[in-house]
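Q: Now for the letters of each chain:
2 protein chains.
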Amino acid sequence: MLHSVIMAGGSGTRFWPQSRKNLPKQFLNFTGEATLIQQTVARCGDWISPARTWIVTGASHVSETQRQVPAVPIAQVLVEPAARNTAPCVGIAAIQLAAIDPSACMLVMPADHVIKSSSEFVRAAQAAAEFVDQKPARLMLFGVKPTFPSTGFGYMQRGAQLPGNTVPAYDVAAFKEKPDLATAQTYLSSGQYYWNCGIFVWRAATILDALATFEPEMYRLLMELAKHVGRSTWTTALAELFPQMPSISIDYAVLERADDVCAVEAPFDWDDVGSWQAMPRLKQADSHDNVVDGLHVGVETTSCIIRTSSEHLVTTIGVKDLIVVHTPTATLVADKHDESSIRILIQKLKDMGLEGYL
Amino acid sequence: MLHSVIMAGGSGTRFWPQSRKNLPKQFLNFTGEATLIQQTVARCGDWISPARTWIVTGASHVSETQRQVPAVPIAQVLVEPAARNTAPCVGIAAIQLAAIDPSACMLVMPADHVIKSSSEFVRAAQAAAEFVDQKPARLMLFGVKPTFPSTGFGYMQRGAQLPGNTVPAYDVAAFKEKPDLATAQTYLSSGQYYWNCGIFVWRAATILDALATFEPEMYRLLMELAKHVGRSTWTTALAELFPQMPSISIDYAVLERADDVCAVEAPFDWDDVGSWQAMPRLKQADSHDNVVDGLHVGVETTSCIIRTSSEHLVTTIGVKDLIVVHTPTATLVADKHDESSIRILIQKLKDMGLEGYL
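Sequences listed follow chains A and B, in order.
Reading the first sequence from the start, the letters are residues 19 to 376 in our numbering.
Reading the second sequence from the start, the letters are residues 19 to 376 in our numbering.
Heads up, a few of these hints could be off.
Heads up, simulated DSSO-like pairs for lysine-lysine below, C-alpha to C-alpha not over 27 Å straight-line [as the list claims (entries may be wrong)]:
#: 1; chain 1: B; residue 1: K153; chain 2: B; residue 2: K196
#: 2; chain 1: B; residue 1: K338; chain 2: A; residue 2: K354
#: 3; chain 1: B; residue 1: K354; chain 2: A; residue 2: K338
#: 4; chain 1: B; residue 1: K338; chain 2: A; residue 2: K368
#: 5; chain 1: B; residue 1: K366; chain 2: A; residue 2: K354
#: 6; chain 1: B; residue 1: K366; chain 2: A; residue 2: K338
#: 7; chain 1: B; residue 1: K163; chain 2: B; residue 2: K134
#: 8; chain 1: B; residue 1: K366; chain 2: A; residue 2: K301
#: 9; chain 1: B; residue 1: K368; chain 2: A; residue 2: K338
#: 10; chain 1: A; residue 1: K354; chain 2: B; residue 2: K354
#: 11; chain 1: A; residue 1: K366; chain 2: B; residue 2: K338
#: 12; chain 1: A; residue 1: K338; chain 2: B; residue 2: K338
#: 13; chain 1: B; residue 1: K354; chain 2: B; residue 2: K338
#: 14; chain 1: B; residue 1: K301; chain 2: A; residue 2: K366
#: 15; chain 1: B; residue 1: K354; chain 2: A; residue 2: K366
#: 16; chain 1: A; residue 1: K163; chain 2: A; residue 2: K196
Source of the hints: derived by calculation from the structure; they are not laboratory data.
Please put together the full structure from these sequences, using the hints given.
A: Below you can see the structure in the form of structure tokens.
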């Protein structure tokens, strides 16, 4: 049986002041339709019901998660007692599912990405799930065809094509870290590389076996924890054992080390919405190349990203390449090309005792 | 007897969104001490009491005027039924004062300027008042020594020095419109030019005589209106007669045409606070050349003018020469050097049906 596992541990600051400590990116609405986590749950809605949907998140985000996706049973909202990256997150979901059904399959998805066509996504995920059910027990990824030479995404190089199936799938020959622009351009023009969009399909048993091989200590802790699945001791055991797990991504822990890592060619538009810079990819710019959300009036304003409410009027005169984000308690005005300094700004706010604004 | 007449008819939009239709510049606090109209009333406080202070303003500003300067008797808040520039404004104050005291003197001041030293101001105004009491009946102005080649102020060229008195005073040889930069520089270096700061001292009778000479129709209407001073018919008569007066400044109507126009050399720092650009003259910039009012945190931010409340956090990254003004309902982000486009912006807001934000 296939379950979806939504990783909603994000606590990023790159969308500050829109995102806050208690309202990270997955809870925001960037496209006008629904919040990212709502879109993620809805994406598989007709195929994997909320009754088979699991969400892994942090303690401070449980209530917002319930508020935004009330259809997901509360018992299936797993609460990480500490931030430990994606491998332990996948691990605890895997032991929960394996306890219910030894042959359980899991579709693992970040809660905070944008995928344009749900039907295309489901088609690809179904194809991936078929490969998982074959021998050998594969770890399936999704490779998105690059549409521009992104230096912000990780890439994977495709190897031999897998036999059969309606959606093309390939062995993953190599993973590539975020490249420089020149390298990204060669990846793009070669046609041999995909963006690794961090969405996976595998059997719970397969990923646990892989963790046993590559992360034996994490596996030992997971097996200890597995004894408490479905019992009243779960929370206490999780609080004791989870923080002992190494903080490592599932990519580093398993995927870059394992054989039988394959990828279906993703036929859907995908974006990880990594920063305000992603806005022009998600929303059509106006005739002055501005991407605007909310009530804005500009004079000689070009190539800006502007976000406000429908009540608070943001006006701009004679500006270019700015990010302007207004929220009721804080406003950001930033050079679009200097966005990484937001980390410096956040640190400065902490240093100045202004954590209340984070 | 000397009275002060404060011209508070301003309805400018150059400080939008801080200034609004119902809260023009004179009601704003730019220097942290008090609002501009409060400063204007207080400036002469020990010399000309509120009991001899008159304010001329528009109907929509009466309640805010009373709220901000409650010491001024409500009977001395004269309400213009229409906007008619400064000559009719001075005219109605003059007929009120002349009715009380045929030898009344009036110190006429805009409500929305900043003068740094009240004691210096009073000293100069007292000196000017002495010249008014001499023969011939002079119209006295205040000439501020230029400190920079302003292209935003009007100038006057000094003529022969008047005899006597502790504060130097001169005939005004010529008035000069706002000059271009090169001309402003020659004015500055010559030492023969003053800024005309729009503050005047004269007898009510003298300015009425001058209006009789140069603006006979306005004078006729004023004399008609004078019959109603102190009577219950004043408001009705004003509503009928005032709008018939030509909309003209006292400078054009009288000062540029009359003989016996003189100026004392103003020993005080003065600023007309004409736009956000004035802020660096009013308030010390920080070490990054930013002039900040309210809660602001910047990263790589230089030469900006930033204004917000002490609660709403404004943050900036990688920006230079910007004006950022946050108010609860509207925010402006503008190139400091493109500020005149605010007129275009205001028009655009009107065209878009967003008058509610003005």
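Q: If a hint holds in the structure, say so; if it doesn't, say that too.
A: Outcome of the hint check:
1. Annotation: proposed proximity of K153 of chain B to K196 of chain B is violated, straight-line Cα distance about 32 Å (limit 27 Å).
2. Between K338 of chain B and K354 of chain A the alpha-carbon distance is near 13 Å, which keeps this suggested pair within the 27 Å criterion.
3. The hinted pair formed by K354 of chain B and K338 of chain A meets the criterion: a straight-line CA distance of about 13 Å does not exceed 27 Å.
4. At roughly 24 Å between alpha-carbon atoms, K338 of chain B and K368 of chain A fall within 27 Å of each other, so this suggested pair holds.
5. With a CA separation close to 26 Å, the supplied pair K366 of chain B and K354 of chain A stays within the 27 Å bound.
6. Taken as a hint, the K366 of chain B and K338 of chain A pair is honoured in the structure, with Cα atoms around 19 Å apart against an allowance of 27 Å.
7. For the hint pairing K163 of chain B with K134 of chain B, the CA-to-CA distance comes to about 14 Å; that is within 27 Å, so the pair holds.
8. With a C-alpha separation of about 24 Å, the suggested pairing of K366 of chain B with K301 of chain A holds against the 27 Å cut-off.
9. Taking the CA atoms of K368 of chain B and K338 of chain A, the gap is near 24 Å; set against the 27 Å cutoff, the hint holds.
10. This hinted pair checks out: K354 of chain A and K354 of chain B have alpha carbons roughly 19 Å apart, not beyond 27 Å.
11. Distance check on the hinted pair: K366 of chain A and K338 of chain B sit about 19 Å apart at the alpha-carbon level, within 27 Å; holds.
12. Our distance criterion of 27 Å between C-alpha atoms is met by K338 of chain A and K338 of chain B, whose separation comes to about 12 Å.
13. A threshold of 27 Å between alpha carbons decides the hint, and for K354 of chain B with K338 of chain B the separation of about 9 Å falls inside it, so the pair holds.
14. Our distance criterion of 27 Å between C-alpha atoms is met by K301 of chain B and K366 of chain A, whose separation comes to about 24 Å.
15. Between K354 of chain B and K366 of chain A, the direct Cα distance comes to roughly 26 Å. Compliance with the 27 Å bound is thereby established for this hinted pair.
16. Only pairs whose Cα atoms come within 27 Å are accepted, and K163 of chain A paired with K196 of chain A is accepted, the gap being roughly 15 Å.
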